[in-house]
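**Q** Residue numbers (our numbering), protein chains in the order written: chain A, 2 to 497; chain B, 31 to 554; chain C, 26 to 148.
Among the hints, a few may not be true.
No more than 27 Å apart at the CA atoms, straight line, and that leaves these computed lysine-lysine pairs for BS3-like [as the list claims (entries may be wrong)]:
| no. | chain 1 | residue 1 | chain 2 | residue 2 |
| --- | --- | --- | --- | --- |
| 1 | C | K141 | A | K392 |
| 2 | C | K141 | A | K388 |
| 3 | A | K388 | C | K67 |
| 4 | B | K194 | C | K88 |
| 5 | C | K140 | A | K103 |
| 6 | B | K194 | B | K300 |
| 7 | A | K103 | A | K114 |
| 8 | A | K103 | A | K69 |
| 9 | A | K388 | C | K88 |
| 10 | A | K107 | C | K67 |
| 11 | C | K67 | A | K103 |
| 12 | C | K141 | C | K88 |
| 13 | A | K107 | A | K69 |
| 14 | A | K114 | C | K67 |
| 15 | C | K67 | A | K392 |
| 16 | C | K88 | C | K140 |
Simulated from the structure, these hints should not be mistaken for lab results. As the structure is a prediction and not an experimental result, all values here were calculated from the model.
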Amino acid sequence: MSRTVFILVSIFLVIPALLAGVMMGAYALGGWLDGVWFPGAHRLTNILVLMLVFVMVLASLLTLAERKWSALMQNRIGPNRADLFGRPVPAGIGHFIADALKMLTKEDFRPAKANTFLYNLGPLLAFAPVFALFAVVPAGPTLEVFGKTVDMVVATPDFGLLFIFAIASLAVYGTSLAGWSSNNKFALLGGVRAASQMISYEVALGLSLVGLMMAFSTVQLPAFVGEALGTGQFRYLWGNDAAMGLRPGFDVGLPAWGIFLQPVAFVLFFAAAFAETKRAPFDMPEGESEIIGYFVEYSGMKFGMFMLSEFMEIVILSGVMVVLFFGGYHLPIGEEWLRGTELMRSYPLLLGAVLGMVFWLKVLTLCYLQLVVRWTFPRFRYDQVQKLGWKMLLPVGLVNVFVTGALVLWDPSLRLLALSGLLVIAVVLALTMAAPGEAPAEAHGEGHGHAHGDTTALPPSHAHATGHAQVHALNAHTAVPQKLETPERTPVAASH
Amino acid sequence: MRVPSIPAADFLPLVPAIILLVGACVLLMTEVFLRSPSRGYQAPLSLFFTGLAGAVSLSSAFEPARPVFQGFAAQDPFSSAVTLVVCVALGLAVLTSSGFLRSRNAERGEFYALMLFAASGMSLLAMSTELITLFINIEVLSVGTYALTSYLRRGTRPAEAGFKYFILGAFSSAILLYGAALLYGATGSTKLSEMAVVLPAALAAQPALVYAGALLVAGGFAFKVAAVPFHMWTPDVYEGAPTPVTALMSAGVKAAAFAAMIRVFLVLGKGMDPSVPLALFSGLAYLTMIVGNLLALPQRNVKRMLAYSSIGHAGYLLVGVAALFVTAEAPAGDGFRFFGATPLLAPGLSEVAARADALKGLLFYLLAYTVTTVGSFGVLAALERSEDEPKGTAWDLDRFAGLAQRRPGWAFAMAVFMLSLGGVPPTVGFMGKLLIFRSAVDTGLVGLAVVGVLTSAAAIYYYLRVVVAMYMRPAPEDERIPVTLSWGTELALALSALAVVVLGILPGTVTDWLQQASTLWLGQ
Amino acid sequence: MEPSPLAPYLPLAVALLLAGVLAVAVMLLASVLGPRRPSAVKSLAFEAGNEPVGSARQRFAVKFYVVALLFIVFDVEAVFLYPWAVNFQQLGWFGYAEMAVFAATLVVGLIYVWKKGALEWEH
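Kindly produce the complete structure, drawing on both the sequences and the hints.
**A** Structure representation (structure tokens):
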């Protein structure tokens with residue numbers, strides 16, 4: 002009981018308060034630096050706060066969250082043994098510090114036959130581009146702090162989204178170099194698989210966002226989010242423009258978020274982005290139970306950099322998805338009213354804290370979604386990955402581009418696009434609801450077919466049982482709760 | 031934002047290329063969707079699209095020249111004529127391919143589609159008036175021919191030929207692109223029409239840049255037309271490629287590359303001292319005529335012999351190109367006397383008329399060479415052995431021994447082609463050489479004309495050797511030489527032999543038309 | 026002073042620099058802090074505990090190359106789509122038709138590749 006209370010309190014009070022506090026601090030710091038140094042200097046504090054504090058810390062915490070979450074899903078307890086000065090730390094938070102220390106102090110050996118330069122370049126190229134990715138993602142509104150204009154983004158180049166595509170695709174060099182230079186057959190296989198998979202999904206990734214670019218006529222991330230009411234995603238379709246008799250400035254309508262305009266693109270982007278992070282169900286390049294992966298020969302911090310860049314990718318992709326599909330730091334409703342209140346006007350820092358918190362909460366939700374996906378779905382086969390990328394995502398992406406184009410041209414107010422998007426969402430929801438609840442049995446269907454075909458090859462004791470009976474027996478067997486009472490023995494990251 | 035407006039009429043000149051592209055796509059799609067293994071329909075289908083494209087280009091041949099797509103391409107009689115030549119080459123090559131492929135069990139696949147893609151590249155190349163468009167079209171035609179070269183994958187020769195062609199072709203494309211970049215750097219534009227305006231100023235400011243760029247571009251083109259310092263790839267590639275592809279390469283690629291080269295250098299030549307391109311092309315012509323013909327002399331392998339002969343013919347075409355750069359006044363400096371180029375117009379001949387004559391000669395020669403060479407490669411394709419042979423004997427001269435008794439029709443056609451290649455009247459080859467050499471003499475390039483006639487005389491030796499083998503040597507008795515029979519080959523041979531003779535005796539209609547086209551184009 | 030046109034990119038450069046410096050620093054730190062006790066067995070390639078057989082510098086399946094080629098084709102297509110998409114509303118139906126033709130050409134290629142079996146990994 003107390004555990005539930007602890008979790009609820011931390012989710013609904015501690016985390017939002019923490020996020021809001023840090024964001025308020027970030028704005029204050031930026032305003033102060035602008036005052037004492039030069040206008041625009043707050044971008045430097047933004048680098049520190051957004052990239053070092055938020056992305057790095059969130060990514061490190063996610064390594065722990067992933068282990069905890071998987072434990073929860075598998076009815077285990079998960080890591081809980083790392084103490085701090087002899088005192089137990091709640092939620093196993095000590096583990097991520099222990100992991101970091103361990104990686105730093107592990108022996109950094111390299112295989113004798115490896116190509117030293119490329120071997121060292123691999124983790125560098127995997128880590129550095131991912132780290133720089135967040136630079137163009139806006140995490141909060143532009144505010145007047147201490148008389149200075151402070152925004153919450155590192156850089157606003159004209160080519161925003163293209164920066165993400167370009168830099169994200171650099172990471173493929175890291176993985177393929179790591180795979181090749183290790184001089185290990187597993188690593189080579191992993192590296193080649195990774196490169197092939199990443200470039201396959203990059204196509205779908207690139208195509209999926211064209212629809213949004215058409216709708217908003219931009220590739221700049223802050224322009225996608227929109228600063229003033231009526232720009233970017235900060236607008237309401239079928240809105241009342243404060244004319245419905247409600248309090249002035251309280252607009253009601255469908256927020257023009259990407260998810261409503263382009264649900265198909267969201268699914269495409271999410272799937273492709275997932276494949277880019279090389280996490281289950283797209284983890285063929287590392288498939289820990291078969292080929293270990295392109296980083297099999299890496300130890301200590303070098304391996305840690307591969308792993309950390311994977312988790313940073315989760316955070317960053319969530320951020321990008323929030324900006325593109327979930328309205329960035331905007332509230333779904335009532336933000337204009339909030340901005341107009343006396344309190345927010347007199348204390349802009351407060352507004353920054355609230356909206357920044359909104360942004361990071363959305364990001365955390367999407368991170369959570371990625372963890373759920375990663376621990377829910379089984380791994381694809383490699384041919385299925387390629388088939389999905391080329392035969393599903395690419396054609397669907399192309400069709401999406403041209404259907405979206407026609408709808409946008411037809412009705413530049415985007416209402417038609419939103420209608421079609423809502424329709425798609427409704428259809429998908431209806432199909433999901435109406436689907437027979439035996440999805441797991443269907444998943445077994447293929448295996449069942451194989452078993453059936455191979456009955457002659459099975460021992461007699463199996464041969465008489467029908468496939469269905471076997472499947473049910475299996476299900477029944479695995480359904481028995483098997484709570485592992487013993488806590489995890491190893492305080493290190495065991496999942497890799 | 032200013033939205034560029036492209037009038038619908040701009041698409042009209044593209045119609046032949048679009049027809050070829052659509053045809054290629056249709057062939058590709060039917061290839062992958064049809065389940066039956068028979069692919070007999072592909073040759074007639076490609077022939078249909080080729081004929082359509084040729085007819086369209088012929089119908090627009092007399093439309094006045096105009097730039098389309100904001101100066102990225104041009105519609106003029108010149109481009110129509112080159113497209114027509116390409117379509118003729120393509121049609122004849124397709125006709126010979128059907129039997130060739132069937133006897134080698136290689137009918138399935140993208141052969142015809144690749145041919146049509148390559149031909150559309152050639153057609154577009156002839157229209158390009160902008161360096162990047164030009165480069166892209168060179169790539170379109172090259173990539174198609176690279177793939178076609180190693181189409182018959184078995185054996186080492188196609189692989190060697192394809193790889194050689196690809197590597198050297200990529201190299202030459204890079205050279206051309208580099209030259210184009212330098213020219214862009216000097217003039218600030220990649221459109222030929224804008225370059226022509228800026229070039230004098232650019233030449234004054236940065237002569238080295240312009241000359242280096244022009245030289246590199248010329249090098250890239252020289253590779254594509256197989257002119258002599260850049261000819262090394264030709265014999266191996268021509269030999270290793272499937273024979274109908276060799277025919278298409280030696281006729282179509284050459285025609286398109288010459289067209290693009292002429293377009294670029296007519297513009298560059300206007301800006302710079304005309305004696306520079308004159309010396310450049312005269313030099314290339316001398317080298318190419320002499321080296322190509324001399325190297326062809328010792329060849330016993332007929333396919334290699336034809337490859338070297340195609341180098342020689344590139345030399346004759348270069349004579350025509352050189353004649354394009356003649357001016358009424360004598361060149362300022364005499365630094366280029368070394369090449370024997372003392373261009374002086376014949377009395378009573380205007381500059382434009384002389385150039386139009388040269389261009390007419392070029393175009394006629396291209397047409398003449400196309401029908402002749404495609405025909406002779408057609409005979410070769412029908413005669414060559416289909417199995418993987420020990421090196422070089424598949425096209426040995428012995429294969430032609432006694433052909434007159436075994437297949438008198440083919441022997442006669444081959445004899446006609448050989449005489450035409452050698453430039454013996456009353457064939458079309460003679461008329462072509464006559465026109466080219468006459469315009470060379472008219473423009474004062476006597477040295478080139480003399481060398482041309484001398485090398486032609488030498489060339490008759492190796493051409494006649496084939497005729498001698500066919501008519502005066504007995505057929506080998508023990509060996510039953512299998513030959514490929516198909517209506518396509520027969521038709522192609524008949525058509526090209528007919529064309530060689532008819533155009534040789536009655537060139538009037540075509541030369542009149544080409545004269546009109548050349549004057550129309552150069553007149554502005 | 027007139028701000029340089031490159032000024033908006035300065036934070037980006039700093040961020041990229043920071044990324045590089047951080048990556049190098051972490052790696053250096055790890056190599057300083059960690060012990061260093063190499064041995065012959067330790068520096069063998071790890072191939073499931075067996076002694077590695079043969080070299081890992083091997084050729085791999087041609088399919089990967091095919092995927093790379095396809096990637097270039099379709100990624101370049103996507104790159105062509107971006108500027109078009111940004112100016113899409115000004116270009117109107119004419120631009121739409123133009124791009125549709127372009128995409129259709131590539132779709133023919135995709136269908137061809139698909140039917141030809143280049144996307145199959147099973148055979």
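**Q** Hint by hint, say whether it matches the structure.
**A** Going down the list of hints, with the structure as the test:
For a cut-off of 27 Å, the pair hint linking K141 of chain C to K392 of chain A stands: about 13 Å separates their Cα positions. Straight-line distance between C-alpha atoms of K141 of chain C and K388 of chain A comes to about 14 Å, which keeps the hinted pair within the 27 Å bound. A threshold of 27 Å between alpha carbons decides the hint, and for K388 of chain A with K67 of chain C the separation of about 39 Å lies outside it, so the pair is violated. Of the pairs offered as hints, the one joining K194 of chain B and K88 of chain C holds, with about 24 Å between alpha carbons and a cut-off of 27 Å not exceeded.
With a C-alpha separation of about 51 Å, the suggested pairing of K140 of chain C with K103 of chain A is violated against the 27 Å cut-off. Between K194 of chain B and K300 of chain B the alpha-carbon distance is near 36 Å, which puts this suggested pair outside the 27 Å criterion. A threshold of 27 Å between alpha carbons decides the hint, and for K103 of chain A with K114 of chain A the separation of about 26 Å falls inside it, so the pair holds. Restraint check: the Cα-Cα separation between K103 of chain A and K69 of chain A comes to about 19 Å, which is no more than 27 Å; the hinted pair holds.
This hinted pair checks out: K388 of chain A and K88 of chain C have alpha carbons roughly 13 Å apart, not beyond 27 Å. Of the supplied pair hints, the one linking K107 of chain A and K67 of chain C holds, its CA atoms being roughly 14 Å apart against a limit of 27 Å. A threshold of 27 Å between alpha carbons decides the hint, and for K67 of chain C with K103 of chain A the separation of about 19 Å falls inside it, so the pair holds. With a CA separation close to 13 Å, the supplied pair K141 of chain C and K88 of chain C stays within the 27 Å bound.
For a cut-off of 27 Å, the pair hint linking K107 of chain A to K69 of chain A stands: about 24 Å separates their Cα positions. The hinted pair formed by K114 of chain A and K67 of chain C meets the criterion: a straight-line CA distance of about 12 Å does not exceed 27 Å. Taking the CA atoms of K67 of chain C and K392 of chain A, the gap is about 44 Å. The hint is violated against a cut of 27 Å. The suggested pairing of K88 of chain C with K140 of chain C holds, with an alpha-carbon distance near 15 Å, which does not exceed 27 Å.
The structure fails hints 3, 5, 6, 15 (numbered hints given earlier, in ascending order).
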